[in-house]
Amino acid sequence: MWVFVKQCFLCVNVFFQVLAVFASGHGNAHSTLLLANSSHTTYSFHQMSECKHDEFYDLDTFSCVACGKEDENLQSTPDKFSCECAANYVTIALYDTQHHNPLCAEKCSDILSTDKGCQVATANNSKTHCDFKLVNFTDPNNDFTPRSVASTRPIRLTPAGMHANGICNICDLKYNYRYLDYCIANEVLKPYLKYNSFWQSTSANAVHFGDLKFVVFFCLALRNNTACSQLANLCIMSHYSSDKNSPCSAFLLTQVSDVAVKYASMDEHLRATKPSLFYKKGKETAKMLTEPLGVSPKQLQFFSTAYHLDGNLRRWGAFKMSHVNLCQMHAQSDAADWKPQQEIQFARFSKPIRCELTVENLIDLAKIYANNNFLSLFLNISRETSSDVKRVSLEALPILIEDITAENSRAPAAEWQLVKRFQLIEAQPRHARIHDQQSKYEDDFKLSLYRSLRYMESFEIHYEIHDHNQIGIPLVKLRYRHVDLSANATLNAVHPFKLQITFERIAEATQRKFMFEVMLPAFLFIALTMAMLQMLNYRKRHNALTTTTAAATECCTPSSCLLEFLLHLSSYTANAALLCFVLYILVYPVQFLTQRSLAITLPIIKDDQRSLEILIYAAVLLKLIFICVHFWRISHFDLFLIDWERPRSCEANHFTLKNNLDTSSVCSSVRTFATENISTWRIIFIANEWIRLSAKQKHSAAWQGLLVLPLVQVFLSARWISQDLALQLFFIVTTSLLIYIIQLLVCSFIFYRLFGDPLQKFIDLCSLSNISVFMLLEQSFGFYIHGRSPNGFADTDMYSMLAQMHRNSQHRCSRKGLLGDSDQQSYIILPPLNLRIYFEKLLAPYQRSYSISQAHFQKEINTIDAAMERSSATFNNLNRFLCAFIDHAIKDMDYIIKEKTFVEKLLNCECDNYLTENKGTFYIDNAKSFDQLLLYGNSLNIFIMELALLLAAYMLTNNLIAAVAIVYILNKLLQHIYINWLRQNVTTKTSIDQRFLM
143 MWVFVKQCFL
153 CVNVFFQVLA
163 VFASGHGNAH
173 STLLLANSSH
183 TTYSFHQMSE
193 CKHDEFYDLD
203 TFSCVACGKE
213 DENLQSTPDK
223 FSCECAANYV
233 TIALYDTQHH
243 NPLCAEKCSD
253 ILSTDKGCQV
263 ATANNSKTHC
273 DFKLVNFTDP
283 NNDFTPRSVA
293 STRPIRLTPA
303 GMHANGICNI
313 CDLKYNYRYL
323 DYCIANEVLK
333 PYLKYNSFWQ
343 STSANAVHFG
353 DLKFVVFFCL
363 ALRNNTACSQ
373 LANLCIMSHY
383 SSDKNSPCSA
393 FLLTQVSDVA
403 VKYASMDEHL
413 RATKPSLFYK
423 KGKETAKMLT
433 EPLGVSPKQL
443 QFFSTAYHLD
453 GNLRRWGAFK
463 MSHVNLCQMH
473 AQSDAADWKP
483 QQEIQFARFS
493 KPIRCELTVE
503 NLIDLAKIYA
513 NNNFLSLFLN
523 ISRETSSDVK
533 RVSLEALPIL
543 IEDITAENSR
553 APAAEWQLVK
563 RFQLIEAQPR
573 HARIHDQQSK
583 YEDDFKLSLY
593 RSLRYMESFE
603 IHYEIHDHNQ
613 IGIPLVKLRY
623 RHVDLSANAT
633 LNAVHPFKLQ
643 ITFERIAEAT
653 QRKFMFEVML
663 PAFLFIALTM
673 AMLQMLNYRK
683 RHNALTTTTA
693 AATECCTPSS
703 CLLEFLLHLS
713 SYTANAALLC
723 FVLYILVYPV
733 QFLTQRSLAI
743 TLPIIKDDQR
753 SLEILIYAAV
763 LLKLIFICVH
773 FWRISHFDLF
783 LIDWERPRSC
793 EANHFTLKNN
803 LDTSSVCSSV
813 RTFATENIST
823 WRIIFIANEW
833 IRLSAKQKHS
843 AAWQGLLVLP
853 LVQVFLSARW
863 ISQDLALQLF
873 FIVTTSLLIY
883 IIQLLVCSFI
893 FYRLFGDPLQ
903 KFIDLCSLSN
913 ISVFMLLEQS
923 FGFYIHGRSP
933 NGFADTDMYS
943 MLAQMHRNSQ
953 HRCSRKGLLG
963 DSDQQSYIIL
973 PPLNLRIYFE
983 KLLAPYQRSY
993 SISQAHFQKE
1003 INTIDAAMER
1013 SSATFNNLNR
1023 FLCAFIDHAI
1033 KDMDYIIKEK
1043 TFVEKLLNCE
1053 CDNYLTENKG
1063 TFYIDNAKSF
1073 DQLLLYGNSL
1083 NIFIMELALL
1093 LAAYMLTNNL
1103 IAAVAIVYIL
1113 NKLLQHIYIN
1123 WLRQNVTTKT
1133 SIDQRFLM
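Okay, so the sequence shown: first residue is 143 according to the numbering used here, each after it adds one.
Calculated directly from the structure, the hints in this document are not laboratory data.
Bear in mind that the values here come from a model prediction, so they are computed numbers and not experimental data.
Among these hints, one or two may not hold up.
Here are the simulated EDC-like cross-link-like pairs (lysine to aspartate or glutamate), alpha carbons at most 20 Å apart as the crow flies [claimed, not checked]:
1) Lys423 x Glu433
2) Lys748 x Asp866
3) Lys336 x Asp353
4) Lys682 x Glu1059
5) Lys682 x Asp238
6) Lys640 x Glu544
7) Lys462 x Glu599
8) Lys423 x Asp353
9) Lys211 x Glu197
10) Lys682 x Glu1046
11) Lys983 x Glu706
12) Lys386 x Glu426
13) Lys222 x Asp196
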């Protein structure tokens, strides 16, 4: 029941409000509708020449408005901004609040005429010495009953010379107020005297706000458009004050508050106050900022109106950024490529204009613009029509002044207090007596002109781009700075200024989130999975079955597995971060360069630059850590050169060789004859070739840099590319990738065909030298190059070698491969677990001898000779042991030969390796995977690190030459460190003195 009564009460209330609106006339109803729809203001622009003789031009709506009814005999003034009586009529009243127009009377043709209703033009009408226009209440008549409230009584503004008592040059201040050339009755102005309290109780300047009561009276009571425009300017100078008696109170009440909409018909003063200065807060205004305007302009054509402080129009016309650019007069801008005098291109990114203005600059600007240049901005949203007449439509631009309220600096747009007019600079003048005491030629004279300045520190036009290139309403963002010109102020103190145009493609940020919120986690998950697979493969290579051997216990500890996991995780994580970075840099610039409908805008990176910097810096750091550790590992592996013709020294210094292995091998390498005299230069030659091959890379860092640098510089010279970091990185990435791929293709299809594959040439050289290379990268994982000569010997004269090569070319000898029917010489090996134990036992005497030879104190010759003899015996025994193992000549240690499956090749693992203590597996390696121990096989990792470093260095320095130089220096440094480590390892593992290594 209560709900029903409440609904009935609301309906009755609405009914009476609507009834009151219609009773008040069409004018009030129209004002109420304007208030309800004030959040979105679009004007149909009319030229002033389109107005008829009985129409005036309304600057608030840019349209022609009738001066009144036909029987009121009104015409527009020569400036078209107001109305006056026609030529044959006498002005009885300049304005009457009851009729809302001037009152006119027809001139009598004769002074003695008795024509009813005509006005006799007396001598008093033509007096030139009349000083005042009278403002007072009209005399009550039979048709009008005076109200108790004085402000509701009709007021009439009588022109000079039409006073009833004939007095037109005296204004008695006892009963009247004098304002300009008006004499205003005290009773008329009494309701507006409260506005004196605004400047009397605050710090507002009486120079500007001392006449506030008169301005409010002329605006609200007499509906004077110029006075209302002046009141709006005073509101701006009060910093849009919300005080009760501030200049903004009338605008806030009628344009922001719901009270005016509800009771507009009940009081004349609650009608919409012109000009429109404020936007109404709420969801409708927030929605207005996010909706498209339905136009797709190629250029942003702005329109502006500028007013003097007194409310008169200063200028109107096309708006350019130069009109608000405070830098152009006194300061040097840092964005010389953007000319504010030019048209503003749609969706064309331009660098912000920044400069530093001194206090002296600001004072000079204040003399020009301060307190006398109030701007309103509009956007031309005219659409192309088929008709010849093109109607211009203007959309008022909302202005967000960030420092007038706390809500304006926060995110919710519904709480913003948006305005429609602003000023560039405001100045509070000092008393004239202060600066008159100083000479105007001195610098301190300028400081004495003003107490303080408040200038526009930042000006930004921001707009959104919707689907089909439709533009949203641009939002003007302003921020002001207060400069106190106290006794400590100096003319050289500097203050910043910033001018920019920004835009945002709607839903563009959502697309970018996909890269960081979906792609990056997916890549990191793949990296984690690959690192775990590598760790499991590491464990499988070391200990396929549960063993109790010391080697297995030592190599399969959880800490070693964890370190292996972290090492591979760092590498794969770096790859994932770089891949995400490269995809971002490639995808969005490509969309920007190929888009037909605007989907990507400049700058492409926008708010993601910090995230991209973290990605690329992390990628460089992690990849560099992996490269350093990996290079150390592949340069410290166990290397042994198996000589199938083991050399012996001369008889004078012959060291007795003892056979420490019980083997049934019948190969020639196992049996040693005292009469043999075989050279050791073949081993030294292979060792030097291995070092030379290790330093070779698939791509040249020098050529990479020399080609990238000029090609990218050509693209970066374009102005629209040089202004966007994403486009610069796009051309750096694409050029680097293309040159790297071209280098690989040239090596594979040109150099290798002309000069041969360096890996295959090394294998052939091993076979020619009758030397195999046995490499153990881990405890039970490595590579083997079978270099046993099919001719049985290689240490011979030139004639015999040429004869051997001739037989090989005609296939008149056995095959080179480990299998009798194959020439396959490269293998991935997983030797038996016991092989490592025997290998270390045989190598132990050499290690002790090596430690003795590396001691820093003097040793006797006999001790050194004994150590050398033990070292020679150790390597002879190790050579015979490996020969026997390769020939399947050891009963308790053997291996099988098989091929990897596709999955094993893809994941670089061994699923069924049959690895036990006594049995191992040799995998046929057609890809020559032993290049993983060389720079040649790590070319991809090196290039990934170089590319990440190039991008990181460029983002850090913004200098392509410096970035290329850093990459080249790091490449050469890593190569030099790796070669030094490798030479030391070859010396240690093969007992070849470094003096024999080139």
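Results for each hint:
| no. | hint | result |
| --- | --- | --- |
| 1 | Lys423 x Glu433 | holds (16 Å) |
| 2 | Lys748 x Asp866 | holds (10 Å) |
| 3 | Lys336 x Asp353 | holds (12 Å) |
| 4 | Lys682 x Glu1059 | holds (13 Å) |
| 5 | Lys682 x Asp238 | violated (103 Å) |
| 6 | Lys640 x Glu544 | holds (14 Å) |
| 7 | Lys462 x Glu599 | holds (18 Å) |
| 8 | Lys423 x Asp353 | violated (30 Å) |
| 9 | Lys211 x Glu197 | holds (11 Å) |
| 10 | Lys682 x Glu1046 | holds (13 Å) |
| 11 | Lys983 x Glu706 | violated (26 Å) |
| 12 | Lys386 x Glu426 | violated (26 Å) |
| 13 | Lys222 x Asp196 | holds (10 Å) |
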